[in-house]
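Visitor: As a plain string of letters, each chain reads:
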Amino acid sequence: QQQVKQSPQSLIVQKGGISIINCAYENTAFDYFPWYQQFPGKGPALLIAIRPDVSEKKEGRFTISFNKSAKQFSLHIMDSQPGDSATYFCAARRDTGRRALTFGSGTRLQVQP
Amino acid sequence: GAVVSQHPSWVICKSGTSVKIECRSLDFQATTMFWYRQFPKQSLMLMATSNEGSKATYEQGVEKDKFLINHASLTLSTLTVTSAHPEDSSFYICSALTGISTDTQYFGPGTRLTVL
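Those protein sequence lines, which keep their order, are chains A and B. So the first sequence is numbered by the numbering used here: it starts at 1 and just counts up by one. So the second sequence is numbered by the numbering used here: it starts at 1 and just counts up by one.
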């Protein structure tokens, strides 16, 4: 059972544009929602994360919007750059128990110069 | 952020042999480590969770006798792929957590396994 659904599968954005990736989750027990960036042949790197007690978090060009009632969260990349071209994964986990992350299916972002 | 290393970064082996992959937390003590497998252009799939000094918990469908996990210390976990076959070829990634419930999960750089 896929507990975190991510869309779109791929995304092409012009340099300077806004990239938006969406995720929806099913398990209301999730406490923590991170976004990871992965370049080919590398491990995922934490980009930004949010908890359900806030609706938005911004770090530099990256913003997470969180809608608890809709069980959805999204990543916005402002002023997208070619160096942002990578695969982005949303994830979710509980802060109790095993605390294992459940990942979305990933979005391949290509920022064209 | 905290650093997690993996060794080797890539390995090629013959079918039927065993391969050991190490995962180390370099600047923190990891009470919990996770092993993931990632096939090309796919997401990360959790294989198992290991806690220092106890047996690993495997996800459904993961063969515990094939993928041996040992978490001998607070900074080292190993994954041994026994009797490897071509279908085991994949990108294996570990991650680590401290004992703080709200902490960040840091990932290693991954190990590319190719079984001929």
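No wet-lab data here; the hints were simulated from the structure. One or more of the hints may lead you astray.
The calculated lysine-lysine pairs, modelled on BS3-like cross-linking and capped at a C-alpha distance of 30 Å, are [as the list claims (entries may be wrong)]:
hint, chain 1, residue 1, chain 2, residue 2
1, B, Lys55, A, Lys58
2, A, Lys42, A, Lys57
3, B, Lys14, B, Lys55
4, B, Lys41, A, Lys71
5, A, Lys5, A, Lys71
6, B, Lys64, A, Lys57
7, A, Lys58, B, Lys41
8, A, Lys42, B, Lys20
9, B, Lys20, B, Lys55
10, B, Lys14, A, Lys5
Note that the structure is a prediction, hence the values are computed from the model and not measured.
Visitor: If a hint holds in the structure, say so; if it does not, say that too.
Guide: Evaluated hints:
1. B:Lys55 x A:Lys58: Violated, at about 39 Å.
2. A:Lys42 x A:Lys57: It holds: about 26 Å lies between the C-alpha atoms, which stays within 30 Å.
3. B:Lys14 x B:Lys55: Given pair Lys14 of chain B, Lys55 of chain B holds - Cα atoms ~28 Å apart, limit 30 Å.
4. B:Lys41 x A:Lys71: 26 Å, holds
5. A:Lys5 x A:Lys71: Distance of about 11 Å is within 30 Å: holds.
6. B:Lys64 x A:Lys57: Roughly 40 Å separates the two Cα atoms, so the pair is violated.
7. A:Lys58 x B:Lys41: 28 Å, holds
8. A:Lys42 x B:Lys20: Holds, at about 19 Å.
9. B:Lys20 x B:Lys55: 17 Å, holds
10. B:Lys14 x A:Lys5: 37 Å, violated
This entry does not satisfy hints 1, 6, 10, going by the numbered hints stated previously.
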